[in-house]
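Enquirer: Chains as they are written, first to last, in the working numbering: chain A, 27 to 190; chain B, 27 to 190.
Some hints here could point you the wrong way.
Copies of the same chain are indistinguishable here, so a pair counts whether it falls within one copy or spans any two.
List time: in silico DSBU-like cross-link candidates among lysine-lysine, alpha-carbon distance up to 30 Å [to be verified]:
| no. | residue 1 | residue 2 |
| --- | --- | --- |
| 1 | 132 | 181 |
| 2 | 181 | 89 |
| 3 | 47 | 89 |
| 4 | 42 | 187 |
| 5 | 132 | 34 |
| 6 | 73 | 181 |
| 7 | 181 | 42 |
| 8 | 162 | 40 |
| 9 | 34 | 73 |
| 10 | 47 | 187 |
| 11 | 89 | 187 |
| 12 | 152 | 121 |
| 13 | 162 | 34 |
| 14 | 162 | 47 |
| 15 | 162 | 89 |
| 16 | 40 | 181 |
| 17 | 34 | 186 |
| 18 | 121 | 132 |
| 19 | 186 | 40 |
| 20 | 73 | 47 |
| 21 | 42 | 121 |
| 22 | 162 | 181 |
| 23 | 121 | 181 |
| 24 | 34 | 187 |
| 25 | 187 | 132 |
| 26 | 34 | 181 |
| 27 | 187 | 40 |
Just so you know, the hints here were simulated from the structure itself, not pulled from any lab data.
Source: prediction; values computed, not measured.
Number of protein chains: 2
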Amino acid sequence: MIFNCKPKIVLTEKQKALIEKIGISFENEGSQPVPARILGLLYVSDKPELTFDEITEALQISKSATSNGINLLLQMQRIEYTTFSGDRRRYFRLKVSNWRDEFRTKIDTMAGFNVLLREVLEVRTKETPAYNASIKELVDFLDYVFQNLPLLLQKWDQEKKDRP
Amino acid sequence: MIFNCKPKIVLTEKQKALIEKIGISFENEGSQPVPARILGLLYVSDKPELTFDEITEALQISKSATSNGINLLLQMQRIEYTTFSGDRRRYFRLKVSNWRDEFRTKIDTMAGFNVLLREVLEVRTKETPAYNASIKELVDFLDYVFQNLPLLLQKWDQEKKDRP
DNA sequence: TTTTTAGTTCATAAAATTATGAACTTAGTG
DNA sequence: CACTAAGTTCATAATTTTATGAACTAAAAA
Numbered sequence: 027m028i029f030n031c032k033p034k035i036v037l038t039e040k041q042k043a044l045i046e047k048i049g050i051s052f053e054n055e056g057s058q059p060v061p062a063r064i065l066g067l068l069y070v071s072d073k074p075e076l077t078f079d080e081i082t083e084a085l086q087i088s089k090s091a092t093s094n095g096i097n098l099l100l101q102m103q104r105i106e107y108t109t110f111s112g113d114r115r116r117y118f119r120l121k122v123s124n125w126r127d128e129f130r131t132k133i134d135t136m137a138g139f140n141v142l143l144r145e146v147l148e149v150r151t152k153e154t155p156a157y158n159a160s161i162k163e164l165v166d167f168l169d170y171v172f173q174n175l176p177l178l179l180q181k182w183d184q185e186k187k188d189r190p
Numbered sequence: 027m028i029f030n031c032k033p034k035i036v037l038t039e040k041q042k043a044l045i046e047k048i049g050i051s052f053e054n055e056g057s058q059p060v061p062a063r064i065l066g067l068l069y070v071s072d073k074p075e076l077t078f079d080e081i082t083e084a085l086q087i088s089k090s091a092t093s094n095g096i097n098l099l100l101q102m103q104r105i106e107y108t109t110f111s112g113d114r115r116r117y118f119r120l121k122v123s124n125w126r127d128e129f130r131t132k133i134d135t136m137a138g139f140n141v142l143l144r145e146v147l148e149v150r151t152k153e154t155p156a157y158n159a160s161i162k163e164l165v166d167f168l169d170y171v172f173q174n175l176p177l178l179l180q181k182w183d184q185e186k187k188d189r190p
């Protein structure tokens with residue numbers, strides 16, 4: 027008798043529930059369902075590294091859904107993978123260390139909006155000074171925040187170093 | 027001869043282009059097309075306050091699209107309106123002053139994710155201490171940020187007061 | 001060389017989102 | 001009261017997004 031020895035990913039109810047919650051949370055931030063759940067799975071899975079098949083099976087989705095989801099997440103730099111010699115499979119894991127870059131990216135996105143607001147100020151009629159001033163105030167505030175957030179990162183690093 | 031004296035909203039090419047850009051920017055942040063463009067219109071319009079019909083006409087959309095868009099934006103607190111006695115129409119305008127609240131809301135959203143990450147830490151197997159530690163670090167950093175952002179708001183208010 | 005494994009691609013199906021127009025409501029106006 | 005203007009609702013249409021399964025590819029194993 028031959029055993030099919032693919033060790034299946036077994037998820038507790040708690041884990042499944044949390045995957046859904048995390049999935050919904052990422053969906054709310056604009057992610058699509060499958061990638062969102064893949065991230066959730068990688069967060070709660072006992073094994074931090076999962077193969078293509080394990081993901082497909084654990085989430086009960088099609089191979090193509092897994093393929094698309096994984097490639098999207100790789101491209102977004104939310105996950106990465108390793109391989110082991112003598113094993114053609116890729117082992118996917120969260121790029122947790124990447125939150126620092128994500129944080130910067132988010133700031134950049136907001137900064138991009140600020141650029142648009144500056145354009146608004148240029149295009150706006152001068153007949154509405156009070157209104158224009160209120161937009162200017164927003165622009166200034168966002169500038170202030172974008173200047174200071176990197177400092178916050180630095181300070182965090184410093185405090186980490188002081189007591190690790 | 028009778029003139030139809032509804033003063034139409036005339037948009038320059040520059041304004042139209044900017045409305046599109048702002049629209050796309052909001053869409054990228056998850057807004058739907060019509061509300062995104064209504065916001066864009068209110069940003070660039072020479073009149074900071076526009077009626078239902080003016081919005082409908084300026085954006086060339088259906089009344090229902092305007093209705094839905096406006097109600098969504100009202101609910102999201104992105105716009106508000108005034109009325110004038112003897113005029114049943116509502117005059118919609120951006121709630122620019124509201125960016126402060128929006129900022130807080132965004133922080134709260136991120137904080138919500140942090141709550142989920144704490145749940146992850148509870149559910150995770152103890153067999154992967156290094157991985158768990160890396161998630162813990164993320165949780166701690168986010169906590170740090172959420173503690174410090176309100177301070178940033180305060181400091182900005184202070185500096186404003188010092189030299190207005 | 002044939003087979004298996006790991007994964008991609010593509011046409012299509014299913015589902016969800018958005019927008020529309022017509023009918024309807026509601027409150028003032030003449 | 002009849003009329004109009006302001007806006008909503010609803011069924012439907014159009015579009016977009018998301019997921020699927022089957023066919024395909026490429027590399028390694030047998």
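Enquirer: Checking residue 34 and residue 73: alpha-carbon separation at most 30 Å within a copy, between copies, both or neither?
Expert: within (11 Å within a copy, 63 Å between copies)
Enquirer: Have a look at residue 47 and residue 89 and pick one of within, between, both or neither, based on CA distance no larger than 30 Å.
Expert: Close inside one copy (23 Å), not across copies (37 Å); limit 30 Å.
Enquirer: Between residue 162 and residue 89, at a C-alpha cutoff of 30 Å, which is it: within one copy, between copies, both, or neither?
Expert: Intra 50 Å, inter 32 Å, cutoff 30 Å: neither.
Enquirer: Please sort residue 132 with residue 181 into within, between, both or neither, judging by C-alpha distance up to 30 Å.
Expert: both (19 Å within a copy, 22 Å between copies)
Enquirer: From the Cα coordinates, with 30 Å as the cut-off, is the pair residue 47 and residue 187 best called within, between, both, or neither?
Expert: Answer is neither; intra-copy 34 Å and inter-copy 43 Å both fail.
Enquirer: From the Cα coordinates, with 30 Å as the cut-off, is the pair residue 162 and residue 181 best called within, between, both, or neither?
Expert: Both: 29 Å inside a chain and 18 Å across chains, each within 30 Å.
Enquirer: Checking residue 34 and residue 181: alpha-carbon separation at most 30 Å within a copy, between copies, both or neither?
Expert: neither (44 Å within a copy, 53 Å between copies)
Enquirer: If the cut is 30 Å between Cα atoms, do residue 162 and residue 34 qualify within a copy, between copies, both or neither?
Expert: For residue 162 and residue 34, the Cα distance is within 30 Å only across copies (27 Å; inside one copy 57 Å).
Enquirer: Evaluate residue 34 and residue 186 at a C-alpha cut-off of 30 Å and name the case that applies: within, between, both or neither.
Expert: neither (39 Å within a copy, 60 Å between copies)
Enquirer: Within a copy, between copies, both or neither: which one fits residue 121 and residue 181 at a CA-CA cutoff of 30 Å?
Expert: For residue 121 and residue 181, only the intra-copy Cα distance (23 Å) is at most 30 Å; the inter-copy one is 34 Å.
Enquirer: Taking 30 Å as the upper bound on the Cα-Cα distance, should residue 181 and residue 42 be classified as within, between, both, or neither?
Expert: Answer is neither: 37 Å inside a copy and 43 Å across each miss the 30 Å cutoff.
Enquirer: Within, between, both or neither: how does the pair residue 73, residue 181 come out at a Cα-Cα threshold of 30 Å?
Expert: neither (33 Å within a copy, 44 Å between copies)
Hint compliance for this structure: hints 2, 4, 5, 6, 7, 10, 11, 15, 16, 17, 19, 24, 26, 27 are broken, all remaining hints hold.
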